[in-house]
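Asker: Whole structure, please, built from the sequences with the hints as guidance.
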Amino acid sequence: MSHPEKNHIVPYSTYVIILLTLLTLTALSILVTSYELGPLAVSAALLFATVKTTLVLLFFMHLKFDQRIYAIMVSVVLLVFILVIVITFLDYSFR
Amino acid sequence: MAGNKTFIQEKETSDLINSHALTYMTIHQGSFYENHGKYKGIMAWITSTDHKRIGLLYLYSITSAFVLAAILGLLMKLELIAPGKTIMDARAYNGVFTLHGITMIFLVVIPGLPAVFGNFMLPLMIGARDVAFPRLNLFSWWLYVLGALVAISSQFMGGGPPDTGWTFYAPYSFRTGTNMLPAVMGAFILGFSSILTGLNFIVTIHRMRAPGMNWFKMPLFPWALYGTAWIQLLATPIVGITLLMVVGERLLHIGFFDPALGGDPVLYQHLFWIYSHPAVYIMILPAMGVISEILPTFARKPIFGYKAIIVSTMLIAIVGYFVWGHHMYTAGMSSTALIAFSFLTFLVAIPSAIKVFNWISTLYKGSIHLEPPFYWAASFLFVFMIGGLTGLILGSLATDMHVHDTAFVVAHFHYIIFGGVGFAFFGAIHYWFPKIFGRMYDKGWATIGWITFFAGFVTLYTPMFYLGIMGMPRRYFDYLPQFHGWNIVSSFGALILFAGLAIIITNLVRSARMGPIAETNPWGGSTLEWTIPSPPPLENFKEIPTVTRKPYDYSEIS
Amino acid sequence: MIMSQPAAHTEHFDATASKIGMWLFIFTELLLFGGLFIVYSVIRFSHQTAFHLAAEELDVVLGATNTGLLLLSSMTIAMSVSAIQFGHKRFTLILISTTILIGLIFLVNKYFEWSLKIEHGLYPGSATLQGLGNGDTLFFGLYFFMTGLHALHIIAGVSILGWVLARVASGKIHGTHFVHLENGALYWHLVDVIWIFLFPLFYLIS
Numbered sequence: 000m001s002h003p004e005k006n007h008i009v010p011y012s013t014y015v016i017i018l019l020t021l022l023t024l025t026a027l028s029i030l031v032t033s034y035e036l037g038p039l040a041v042s043a044a045l046l047f048a049t050v051k052t053t054l055v056l057l058f059f060m061h062l063k064f065d066q067r068i069y070a071i072m073v074s075v076v077l078l079v080f081i082l083v084i085v086i087t088f089l090d091y092s093f094r
Numbered sequence: 000m001a002g003n004k005t006f007i008q009e010k011e012t013s014d015l016i017n018s019h020a021l022t023y024m025t026i027h028q029g030s031f032y033e034n035h036g037k038y039k040g041i042m043a044w045i046t047s048t049d050h051k052r053i054g055l056l057y058l059y060s061i062t063s064a065f066v067l068a069a070i071l072g073l074l075m076k077l078e079l080i081a082p083g084k085t086i087m088d089a090r091a092y093n094g095v096f097t098l099h100g101i102t103m104i105f106l107v108v109i110p111g112l113p114a115v116f117g118n119f120m121l122p123l124m125i126g127a128r129d130v131a132f133p134r135l136n137l138f139s140w141w142l143y144v145l146g147a148l149v150a151i152s153s154q155f156m157g158g159g160p161p162d163t164g165w166t167f168y169a170p171y172s173f174r175t176g177t178n179m180l181p182a183v184m185g186a187f188i189l190g191f192s193s194i195l196t197g198l199n200f201i202v203t204i205h206r207m208r209a210p211g212m213n214w215f216k217m218p219l220f221p222w223a224l225y226g227t228a229w230i231q232l233l234a235t236p237i238v239g240i241t242l243l244m245v246v247g248e249r250l251l252h253i254g255f256f257d258p259a260l261g262g263d264p265v266l267y268q269h270l271f272w273i274y275s276h277p278a279v280y281i282m283i284l285p286a287m288g289v290i291s292e293i294l295p296t297f298a299r300k301p302i303f304g305y306k307a308i309i310v311s312t313m314l315i316a317i318v319g320y321f322v323w324g325h326h327m328y329t330a331g332m333s334s335t336a337l338i339a340f341s342f343l344t345f346l347v348a349i350p351s352a353i354k355v356f357n358w359i360s361t362l363y364k365g366s367i368h369l370e371p372p373f374y375w376a377a378s379f380l381f382v383f384m385i386g387g388l389t390g391l392i393l394g395s396l397a398t399d400m401h402v403h404d405t406a407f408v409v410a411h412f413h414y415i416i417f418g419g420v421g422f423a424f425f426g427a428i429h430y431w432f433p434k435i436f437g438r439m440y441d442k443g444w445a446t447i448g449w450i451t452f453f454a455g456f457v458t459l460y461t462p463m464f465y466l467g468i469m470g471m472p473r474r475y476f477d478y479l480p481q482f483h484g485w486n487i488v489s490s491f492g493a494l495i496l497f498a499g500l501a502i503i504i505t506n507l508v509r510s511a512r513m514g515p516i517a518e519t520n521p522w523g524g525s526t527l528e529w530t531i532p533s534p535p536p537l538e539n540f541k542e543i544p545t546v547t548r549k550p551y552d553y554s555e556i557s
Numbered sequence: 000m001i002m003s004q005p006a007a008h009t010e011h012f013d014a015t016a017s018k019i020g021m022w023l024f025i026f027t028e029l030l031l032f033g034g035l036f037i038v039y040s041v042i043r044f045s046h047q048t049a050f051h052l053a054a055e056e057l058d059v060v061l062g063a064t065n066t067g068l069l070l071l072s073s074m075t076i077a078m079s080v081s082a083i084q085f086g087h088k089r090f091t092l093i094l095i096s097t098t099i100l101i102g103l104i105f106l107v108n109k110y111f112e113w114s115l116k117i118e119h120g121l122y123p124g125s126a127t128l129q130g131l132g133n134g135d136t137l138f139f140g141l142y143f144f145m146t147g148l149h150a151l152h153i154i155a156g157v158s159i160l161g162w163v164l165a166r167v168a169s170g171k172i173h174g175t176h177f178v179h180l181e182n183g184a185l186y187w188h189l190v191d192v193i194w195i196f197l198f199p200l201f202y203l204i205s
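Protein chains in written order, with numbering that gives the first Met the number 0: chain R, 0 to 94; chain C, 0 to 557; chain H, 0 to 205.
Hints may be right or wrong, so weigh each one.
[As the list claims (entries may be wrong)] If you want the ones that stay clear, here's a sample from chain H, every Cβ over 10 Å from chain R, calculated: (1) Ala155; (2) Ile159; (3) Lys171.
[As the list claims (entries may be wrong)] One side only, chain H facing chain C, incomplete, derived with CB under 7 Å: (4) Leu30; (5) Leu35; (6) Val38; (7) Phe144.
[Unchecked claim] Covered by chain C, per the in silico footprint, the following chain H stretches (three or more residues, Cβ under 8 Å): (8) 14-24; (9) 41-50; (10) 133-139.
These aren't lab readings, by the way, just hints derived from the structure by calculation. Everything numeric in this text was worked out from a predicted model, so none of it was measured. Every residue, glycine too, gets a C-beta built ideally from N, C-alpha and C.
Answerer: Structural data, given as structure tokens:
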């Protein structure tokens, strides 16, 4: 039996809506960063990227509809990665 | 030991009489050694997707790599037996310690226990017929062989053998004229082998446990392999990309680590150690898992603190990601980073210590059976503690300033890697030998081999602690005259250790071919691999068992 | 794949195992690129102005187009997983083919982008780049390395989807056995996510 848990088939319309959202966010990110934000530019750009990625993970990659274990694994991996960057910057920010 | 005739030893005498009448073929009938497919001979092995055969393929390749690297180590000790040039010049010495490191780390210790005993035993211990992706498993071995060949080819091409040390530090690694590309690409390929093995084991453990074996009925060696597999999966890609960047530096001058182009060599060190520190947990976690299997069996007592060991395993795996900077205290990091890394390093020592307490408590009031696997496990405790405690000296900022890049470091990591992983490996091979080969080895010789090896080991490495504190640098082919005396002692220890190795390996190889037939469960182990014939049949279990007992329950085993 | 004897008794196919395996592989890819993101952040941190200026050399329109295209292709391949379950075989084939086509267009765009840079002498190791100074050298080193590695993954993704397409066409992948399509889609989404981060970090910081 392939998928005993998953009876829910995501309708096409959901995907279309998500795409439109993603394209809007992309356009917004270009707009926002066209202003002189200085140091905030990176944060703004990364924020948009993060929101877009979350949408892709949850909907396109099915984390919202799958068993929790997948979302937990993804979160742990991302957390470890972010911590590694933060710790690396304990060196560079304070030199 | 003499007066302690257990039922095991009495049975063995009659086995000995029987064994001479039995032929080589008898053991193999019905076992996984029998060829079922269209191939015969060596082809049947190198195309096999049977986890047991793959485990043995790794055993033979890894042992070969180990012997090669050990000989290189011996050559280094011969060079260091006297100041000045003894048998090689500086350039040759640099090449030797580089190859010794690359081979030992990437070809022996990192694959080591998971590839050999993980492959062979994991499915057996969880009641499965194979791993989740058997063809991927074979592919992992093929990658190992390819990576090994590519890395070793670096010894023979025009530029000369790599001389950077196994750590390939920038900027020298992209400025040196020696053959860095094959060495680095070989390591990259080997990394893939490691990643895929980790991936395979994670899925195997999640999906293929026998009915009734929930997570907290699973024995500790599979648990250790689980933690290890996550590190293999998540840490190795970072060194993969770092090695690719070194290639980029050499070929394209991308400049990330090149101070002349605005890059930062310390960034290389960060990236390298972000993998290579967790890598040492890839090495030690399975070793700890082996000890957690051996000690309860030979104390005939459940492991003390089963859950605590599991929690410690996972803590080591996780916290181990965040301590890498302790390899870089003198590299020029900020003081914030220095303090943070030192603090985290002390934190990660705690779960290891918890395990040591649990192991010792397992032995307390146990019914100890003195057999070779037990000797290895007990001596593991000794060398692991010394390795671990000296690690704290290195983890502490003030003391590390004094001993960084000296022989002290070399002594520390050989105690903990060679001592920790090495002793656990020997313990594992002496423990599971009867199951794998269906025969028993000579226990007298095994014990003599162990004593000789242990004596050689301590003689070889202990003086290095002192030499390091007194200021003898590492990775130098020469040293000041005041270091001569203890270097002689140390090099002599290497010879004793080699003698011990020779005895051990000879005993095992001989016994695999003509030792007395072993019974199914010679040690009275309580885990599932001891319930099936030795050697196991191709499909492991006639029927997948349903697990009801807690792990390490010896109440029903006589 | 080389295989000799049927190693172990083949139990029924475990789709969940296959899917977990694919996610685990995705984690390794995330960390592979993660290493490059670490390098990017550190180097950017020490060369803020140079990066800001160097980024102006990049064509935002081309970058945004490629972003839009990849997002669209992510939608089409996601939809294909629903389509196969609905039993809409033809639509599934169209969706997968569209995804592949968009991937190829992306590569063509990349080719043009790179050609433009190389024509202007902006490539790793070039004399022009050495002359411009460290920030620019590093920016373009990172640019080519990261987009290059990403392009390799697009090629891999296109190949995987090509294989999946063939299996859907032959019926080996169908409504009750489609985990390989799911896994191919997951890989494609990964390639998309990487670009979602690459785009702002290289194109939107000018």
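Asker: Does the stretch 41-50 of chain H contain three or more residues whose Cβ lies closer than 8 Å to a Cβ of chain C?
Answerer: holds (count 4)
Asker: With a cut-off of 7 Å, does the beta carbon of H/Leu30 approach a beta carbon of chain C closely enough for the hint to hold?
Answerer: holds, 4 Å
Asker: Under 7 Å is the threshold here; is the Cβ of H/Phe144 close enough to any Cβ of chain C for the hint to stand?
Answerer: holds, 6 Å
Asker: Looking at H/Lys171 again, its CB stays over 10 Å from all of chain R?
Answerer: Holds, since 13 Å exceeds 10 Å.
Asker: Against chain C, does the stretch 14-24 of chain H show at least 3 residues with beta-carbon separation below 8 Å?
Answerer: holds (count 6)
Asker: Take a quick look at H/Ile159 and tell me if its Cβ sits farther than 10 Å from every Cβ on chain R, holds or violated.
Answerer: Per Cβ check, H/Ile159 is outside 10 Å of chain R; nearest 15 Å; holds.
Asker: Is the Cβ of H/Ala155 farther than 10 Å from every Cβ of chain R?
Answerer: holds, 17 Å
Asker: A closest beta-carbon separation below 7 Å is what the hint needs, so does H/Leu35 meet it against chain C?
Answerer: Check passed: Cβ of H/Leu35 comes within 6 Å of chain C, closer than 7 Å.
Asker: Closer than 8 Å, Cβ to Cβ, for at least three residues: run that test on the stretch 133-139 of chain H against chain C and report holds or violated.
Answerer: holds (count 4)
Asker: At a threshold of 7 Å, is the proposed contact between H/Val38 and chain C supported by beta-carbon distances?
Answerer: holds, 5 Å
Consistency with the previously given hints is maintained throughout, with no hint failing.
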